[in-house]
Every structure is written in C-alpha cells, then in structure tokens.
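The sequence shown maps to residues 211 to 338 in this note's numbering.
Because the hints were derived from the structure by calculation, they are not lab data. Just so you know, nobody snuck in bad clues.
Distance windows between CB atoms, simulated:
id : residue 1 : residue 2 : range
1  : G295      : D249      : 31 to 39 Å
2  : G326      : P237      : 17 to 25 Å
3  : P280      : E315      : 15 to 23 Å
4  : E281      : R335      : 28 to 36 Å
5  : G326      : G295      : 25 to 33 Å
6  : R265      : G326      : 15 to 23 Å
7  : L242      : E294      : 23 to 31 Å
8  : A245      : G295      : 28 to 36 Å
Every residue, glycine too, gets a C-beta built ideally from N, C-alpha and C.
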Amino acid sequence: MQEQSVSERSGGSVAAEATVLFVDDEPMLLELWEARFADEYDVRTAEGGEEALRRFDDDVDVVFLDRRMPETNGDEVVRRLREEGHETPVVMFTAVDPEHDVPAEYDEYVTKPMNGEQARRLIDRYAT
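Model the full structure from these sequences, guided by the hints.
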C-alpha cells in the first residue's frame, strides 16, 4: 500500500500542508496534539525549549509554545528565534494569564485549556 502525503489525506489545502511545532513540558499534551492533528498537518513536538530550538527549521509554519517550562522557557525560545531572524508566527499557549504586557514577539497569547477547534483556527490563520 502506498503512503499518502499529508496534503493528499486532507484534501490538499494550503493549511493542510502546514508544519506545526507544539512545544510543552507535558508529554501527554504533546501526544494529544499530535493525535489530533497528524492527519491534517505535519506535526512536530518538543518537550521543552532546547528541544524546540533543535526541532525548529524554516519548514515550520507556526509554533505553539508553552510559556512556563523548566530550563529554557517560552519567552527565551521566542527571543532566540527572533534574534536569529525567524519571523515564524508564535502562538503562546499557557496556563498562566499574561502579566501586564504580552511580549511583542508573540503573535497570539492563548490561556489553556485550548481546544482543537481553537488551535485549528490559529493554524489556518498563521500558516497560510
């Protein structure tokens, strides 16, 4: 049996060809996002900031990034991406309400829990 590409399985839309990187320090959440979207998008996951920086490349269309993680937190990850000149949209999704100001490096700030439809809308908005 021949394996189908992501775009063939999902009808070939622009967003269907999107590569999405989910970053969180909770492996169970990463498994849920991957199970939810693997048939629609090219899904990558990373269990923390340093792994996210290793998994990130120019093919990534949108990053969903947890803000509070041990060692390298989400603020540090997005700062480093921006310093390296990457303009890839970053959606901060976190259990923590924003303090006073959300750093400008984020394109969107979403408080957990984020449901699948909300994530899909954000992917479609930023990955086209």
